[in-house]
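Q: Single-letter residue listing:
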Amino acid sequence: AQSVTQPDIHITVSEGASLELRCNYSYGATPYLFWYVQSPGQGLQLLLKYFSGDTLVQGIKGFEAEFKRSQSSFNLRKPSVHWSDAAEYFCAVEARGSTLGRLYFGRGTQLTVWP
Amino acid sequence: GAGVSQSPSNKVTEKGKDVELRCDPISGHTALYWYRQSLGQGLEFLIYFQGNSAPDKSGLPSDRFSAERTGGSVSTLTIQRTQQEDSAVYLCASSRGRVEGYTFGSGTRLTVV
Numbered sequence: 001a002q003s004v005t006q007p008d009i010h011i012t013v014s015e016g017a018s019l020e021l022r023c024n025y026s027y028g029a030t031p032y033l034f035w036y037v038q039s040p041g042q043g044l045q046l047l048l049k050y051f052s053g054d055t056l057v058q059g060i061k062g063f064e065a066e067f068k069r070s071q072s073s074f075n076l077r078k079p080s081v082h083w084s085d086a087a088e089y090f091c092a093v094e095a096r097g098s099t100l101g102r103l104y105f106g107r108g109t110q111l112t113v114w115p
Numbered sequence: 001g002a003g004v005s006q007s008p009s010n011k012v013t014e015k016g017k018d019v020e021l022r023c024d025p026i027s028g029h030t031a032l033y034w035y036r037q038s039l040g041q042g043l044e045f046l047i048y049f050q051g052n053s054a055p056d057k058s059g060l061p062s063d064r065f066s067a068e069r070t071g072g073s074v075s076t077l078t079i080q081r082t083q084q085e086d087s088a089v090y091l092c093a094s095s096r097g098r099v100e101g102y103t104f105g106s107g108t109r110l111t112v113v
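Quick note, the sequences are listed as chains L and Z, same order.
Counted from 1, the first sequence has number 38 at position 38 by this note's numbering; the numbering is strictly sequential.
Counted from 1, the second sequence has number 56 at position 56 by this note's numbering; the numbering is strictly sequential.
The set of hints was computed from the structure by calculation and includes no laboratory data.
Cβ coordinates follow ideal geometry from the N, Cα and C atoms, glycine included.
Be aware that a few hints might be false.
Facing chain L, a subset of chain Z residues (Cβ under 10 Å, in silico) [claimed, not checked]:
no. : residue
1   : A2
2   : G3
3   : Q6
4   : L32
5   : Q50
6   : N52
7   : L60
8   : P61
9   : F65
10  : G101
11  : F104
12  : G105
13  : R109
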């Protein structure tokens, strides 16, 4: 069955520390990959996406993600976290050849940032 | 408009009543999507509209749910005879295509009491 796994429900880091949020997917072929962020009471904001090519993609707010085909992973990273990064982060996939915009989401990782 | 607009932002309704949720997509975006976000199920795809094509309704959880998109712009999601399990945040998104990505609204929080 197709699935998206974010193994960490909640992560706490200190401001200025580095961050890595994990995402693994299970699909027949490499899907399109996305990371979204959601602040309380807000919709989802796209951080970055991977379609093909360079496996290290840069996004907004200083985030980057690396696609690793061998591990079926698309982990999100940031070298130095700011207090404003506290939010919930969602990994999502879209199967190639599927309905445009039909995203499958992980259950999310809640990020808390200590001052 | 500048973003995807959804109304109302919050809705409390009694079990058994019908509700209508509205989505106003970004101007020029031909594709429109509805998703539901609930504690139990996470984020789930509901329905997809693309231009004048027949919508993809495969994600609708029951026949109490329906949606329409008038004039290729504004969309309304209707839930009939609401149940408590319908309580969730309903998110709308629009897009011009996959490369540009999908822009989400802030959602409508529906509470069925």
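Q: All hints, please: hold or fail.
A: Status of each hint after checking the structure:
{"no.": "1", "hint": "A2", "in the structure": "violated (13 Å)"}
{"no.": "2", "hint": "G3", "in the structure": "holds (8 Å)"}
{"no.": "3", "hint": "Q6", "in the structure": "holds (8 Å)"}
{"no.": "4", "hint": "L32", "in the structure": "holds (9 Å)"}
{"no.": "5", "hint": "Q50", "in the structure": "holds (7 Å)"}
{"no.": "6", "hint": "N52", "in the structure": "violated (15 Å)"}
{"no.": "7", "hint": "L60", "in the structure": "violated (13 Å)"}
{"no.": "8", "hint": "P61", "in the structure": "violated (15 Å)"}
{"no.": "9", "hint": "F65", "in the structure": "violated (16 Å)"}
{"no.": "10", "hint": "G101", "in the structure": "holds (5 Å)"}
{"no.": "11", "hint": "F104", "in the structure": "holds (4 Å)"}
{"no.": "12", "hint": "G105", "in the structure": "holds (5 Å)"}
{"no.": "13", "hint": "R109", "in the structure": "holds (8 Å)"}
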